[in-house]
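A.B. asks: Residue numbers (our numbering), protein chains in the order written: chain A, 109 to 868; chain B, 109 to 868.
Same chains, same label: a pair holds when it works inside one copy or across any pair of copies.
List of simulated lysine-lysine pairs, DSSO-like, C-alpha gap at most 30 Å:
(1) K688 to K660
(2) K527 to K705
(3) K654 to K123
(4) K654 to K705
(5) K519 to K425
(6) K519 to K508
(7) K137 to K123
(8) K123 to K688
(9) K425 to K860
(10) K425 to K527
(11) K860 to K508
(12) K705 to K688
(13) K508 to K527
(14) K688 to K654
Because the hints were derived from the structure by calculation, they are not lab data.
Number of protein chains: 2
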Amino acid sequence: MSDVIDRPPARAGLKVIGTRPVRPDGADKVTGRAAFGADFALPGMLVGKVKRSPHAHARILSIDTRRARALAGVKAIVTAADFPDLASEEYEAGEGAANLRDLSQNCMARGKALYDGHAVAAVAATSAAVADAALSLITVDYEVLPHVIDVEAAMAPGAPLLHAHLFTQGLEETPQAPSNIAARNELTRGDLAEGFAAADVVLEGRYVTAAVHQGYIEPHACVAAFASDGQSQVWSSSQGQFMVRTFCAKLLGLNASDIRVTPSEIGGGFGGKTTVYLEPLALALSRQAGAPVKMVMTRDEVFRATGPTSGAVVTVKLGATSDGRITAAEVELKYQAGAFPGSPVVPGSMTALACYDVPNFRITGWDVVTNSPKVAAYRAPGAPISAFAVESAMDELALKLGIDPIALREKNAVRDGVKAAYGPTFRNIGYVETLEAIRDHPHYQAPLGRNQGRGFAVGFWFNIGGESSAAVHVGEDGSATVVTGNPDVGGSRASMAMMAAEVLGLPVEKVRPIVADTASIGFSMLTGGSRTTFATGMAVTQAAQKIVADLKRRAASIWDVPVENVDWLDGAAVCLDPAKAGLPPLTLAGLAARSAKTGGPITAEVSLTAQGAGPGFAAHLCDVEVDPETGHVTILRYTAAQDVGRAIHPAYVEGQIQGGVAQGIGWALNEEYVFDAEGRMENAGFLDYRMPVASDLPMIEAILIEVANPRHPFGAKGVGEAPIVPPLAAVANAVRRAIDVRMTELPLSPPKVRAAIDAR
Amino acid sequence: MSDVIDRPPARAGLKVIGTRPVRPDGADKVTGRAAFGADFALPGMLVGKVKRSPHAHARILSIDTRRARALAGVKAIVTAADFPDLASEEYEAGEGAANLRDLSQNCMARGKALYDGHAVAAVAATSAAVADAALSLITVDYEVLPHVIDVEAAMAPGAPLLHAHLFTQGLEETPQAPSNIAARNELTRGDLAEGFAAADVVLEGRYVTAAVHQGYIEPHACVAAFASDGQSQVWSSSQGQFMVRTFCAKLLGLNASDIRVTPSEIGGGFGGKTTVYLEPLALALSRQAGAPVKMVMTRDEVFRATGPTSGAVVTVKLGATSDGRITAAEVELKYQAGAFPGSPVVPGSMTALACYDVPNFRITGWDVVTNSPKVAAYRAPGAPISAFAVESAMDELALKLGIDPIALREKNAVRDGVKAAYGPTFRNIGYVETLEAIRDHPHYQAPLGRNQGRGFAVGFWFNIGGESSAAVHVGEDGSATVVTGNPDVGGSRASMAMMAAEVLGLPVEKVRPIVADTASIGFSMLTGGSRTTFATGMAVTQAAQKIVADLKRRAASIWDVPVENVDWLDGAAVCLDPAKAGLPPLTLAGLAARSAKTGGPITAEVSLTAQGAGPGFAAHLCDVEVDPETGHVTILRYTAAQDVGRAIHPAYVEGQIQGGVAQGIGWALNEEYVFDAEGRMENAGFLDYRMPVASDLPMIEAILIEVANPRHPFGAKGVGEAPIVPPLAAVANAVRRAIDVRMTELPLSPPKVRAAIDAR
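Please take these sequences and the hints and turn them into a complete structure.
C.D. replies: So this is what it looks like as structure tokens:
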């Protein structure tokens, strides 16, 4: 790549990028007009419901559906026997990657139920009441097995074994016996012993996080209409209609193109909607019933059967010189995968030291299956967990050395030209700028009161590119449609319209962004990995550029001049030919009206694999007050600086940062999966699973550091995931300084904080 | 154009084109799974209904909606006051062309109701019962005016005047007074007086046809969801989602791109769904109510308020030599337009003599407004009417001269190089071949019994090209989607998939054809004019060719050979490089699996204005038996030969021919609008408006004459309209020969036939 460096970014000449128009889907969403997953309906539609295991681990001896089938109004019942018994096969599709056998068995238990809530059968009936009655008439004969949920207990010899076929990957020696440890991964550099030997101080810590759920407002929901010899259709809420199409095709043995998936609006996903749960069941039920089937999860089902992220145990050992230079780091990460392999321990490992230029390190990760719901991606998967550990340890190091925590980070900061701990060499990053922005912010010097503390932490996320498609269609009146294949989870309709408007020279109100179904646009990787504004935005920009080239060609033909003599300015072709001086510009609307006679409709489509996403760095500062009576932690003030490339729509970049911080605060303070002795989730509802609400949070101030990404036409990079990485540690570090006790186990809920104060 | 002549067409090498696979939408349609216009639903949807004028002509003095608005459950009421009062403006969009003021006033009467059934108000309510009650609570104060429906009565001086602003277009002198005659058109050649002077015989006749309806099974239906600041949506049954978008945008004053129109399956259109009736009303109601609105017409409304085609009076005067050479022809056509200008008298005039090489002629057409529903396009608009007159006259000429009716046509037939009566010079036509095919068919020599007769007639239709868009998306598993913007009215999904499959080298089952919404594909002119297989098929073929070029480029890159050394054979890239002999082919599926690393998703989109549609000719032979007791005419046998270019899917070409003949037979024998003395339609239902059913018809034999169209990549031309042109005369000529009386007024219903026999 060329090392174009553009700091500060050249905004000159941009008319739309960087402004803050109202989002095109805003009114729909605030007025209730937007159609979410549960809002679709088809004539003759049935209601589908899932029967779920009440046991955390049990052999399924038999399933008797006869009484349920005999019930009037029951139109279909499916179990694992109704799906192909797939072989183990890794399917790579970005954050939608999955082992197809595991995915199939997570959608419908085969032989064993592996967690409380695991689907064992599904019914379709003429009403919800009949479907519920049918569920109760299905008899499942279980042999209950011992279960294990704690990650370290699951790793221990003699632990109840989830999968007889699971042998640990990534060990030096071939394992002789199956294990709950699915895989070991390692990253190393330099000589660890030498590094610690060079250290003046060595610190060790053990950090524990709880499993937490993405907590999207909208439960999973879909409508499926199977057509054995036609076009099966699925409407669903997901982060990727093509992901849904692929997985349904694989799990049901169909051609991808024989399934048409239309994305609904999505009421939050945060990574949790990068896989399928209901869609294959609804299709299988629809196939059997010969009618469309609608399925909507309850909140209880969302908690018990869809992916939280891992609970984890992370140990960190840091060695540093007395002036704060890190000489060695050793990090070990043990992540719950839930019932099937695939925790985010690999990205957790890769990001653990990504902010630091450390000469000697070893990072070891363990992916461990447990009798809990299979984890799904959750915003910067794995990174908040490892950052909680490493940033808590860094804070301890700063305290021990008596060094300002920001100065400590700056001293060890990665910069352009430094080789990242996970491999590549950084270019065009804005990390140090985020540190400086917080250091120089009034917040950093503001006085604190009694029982108050200020915590600082940093975070990193890769961001990704990948496959995206976009089309731009100019209407006959000169308005335009921008079509992409990525669900809009955070304002991407606005940014897509803005990028197209910028190129076309149209007011953004004349550009209508559309999220199309899988039949109507080229393949697009799902919305995840903070890729959409970058990768799909690149496709949109290129498609708009093709439109402009086409419009210039048409204008040149109308004027009978070489196309080199036509420029495109402010939404109109301008004739530069001196021999034709004085010709009025040909506007886009004017050219659109003449399109039939100048080559036909004005359209362009681009499909690409975007590269050069550019990583994101975040530096967060958090003030808390701890109530010594109750242990309750109040967030007083929060400031987040982030390297955002260039903000296409600054308000939605700020919104991403605020949202990530809010979720990180919930993770830090209150959220956790609580299981009873039988491994059943005890708090599967928003009353007992405590997420932060608006009244729990102050206004979160976002500082946008714009170091343009040279690989994107407008300098954009992903911004959605980095902001959830620092808050766990930023909050914990603030509590540490407020109560003078290092708490290492999340969540920092009132009883635990009160206990820590008492033990002080 | 190059005069590529390809007769018979070179079929060698084609593997998919010309075969008869099951249509992709077939199972959906026969099992009831296909979703038609009335099958959509949205949460919170209201029911919209229309209040219609009970008077054929009346001034609207006032509309009082207060009592209706006060009714619980009524959410919106609109009248003309809720729509912009548009100025007269002709909007050109193929068969969807319209004067926007007239279109607006046809959707909702402004000032005057111009026909029985004319919409005067519309309501949206929470249920159909409430909506009906609301309609009855709306009080309209009318001043009933004299009305006129008969076309010649409407032309007469002193006739009740529909429009004070209407002055006849196309006259030599500027008219001084308004008139019901909207326009006069004329086509002439040679010297008429000289031509008649050279004739040995001169015949004159006057022919009358009744207004008939397209008779599609599915009534007009739509759901509209207005979004004042977002994306308004319309789901409707139409022949063109872009036509619906354009007209709704124009009638409501919106950006075209702010309306997204999704086409439903269409249960027949035949030209009658090339305009809007309900969609603008539903959008206006939805705007006022703030909720989606569904509107579905009753059959009564379809008859009373949507377009039939013209009732007409046509006079024909022919001069010929005794050996059958036509020396002169004079044709005058008077067509009802219904309440607003725009009958199909222009195409009726242009096609009147299109089959004949006549040295001297004058064709005069009159477009006349009447107090009846505004006519809409109906399959080969205008041509069956003029063909009924001209072909009846030709039959009389054959009888008078004692010449075989086919020989008479052949003697005067247009051929390649002949200048058509309507202007251009014919190239690559297969007209004479259709005459020869009927002449040589066993049917032509088969014996006839008592009260039986055999009629022959020919017909012509232009076929059109125009703007089409298509995209081809290759899925990650190597299956493909073909996306177009044209509703499938006659099997076009099958032909689109077949053309793409032929180019890609895929089995047709791996190609899924999709009809996309207006946001998801480039502009496409509506499905009409027999344009889709030709024009959209051209776009599909070109898009598939772009895919193949892309795949060859990717294969060349994988093999590291020049792209010139890669061929595409049977769905796989083949390496022709002698230095790399033995490399296995790279299949489409294999290349698709590697697409992310070879440039991204595999997609191509093409938008074009197709030219060179190639006209269609049809020659029909019909045997009838007339029951002398009842006057009932039974169709005994029917054979239709047609110049079809090349049949992509022969079964659906045959289906088009059979369908056109069936409709023509209905027009000939039974169908007619019957009005009472007050101008109210008396037979607005299928019990009283008698369309032919299966038991009325014999198997219709279709003979496909394949003279490849050199302007289409696979030689295709339009086939859907030509077959409705000859049947009116073919039936009438058969009756003439069965009963020895020339009947000149359609329909040839039993009472009229019985009366003709009695008067013999």
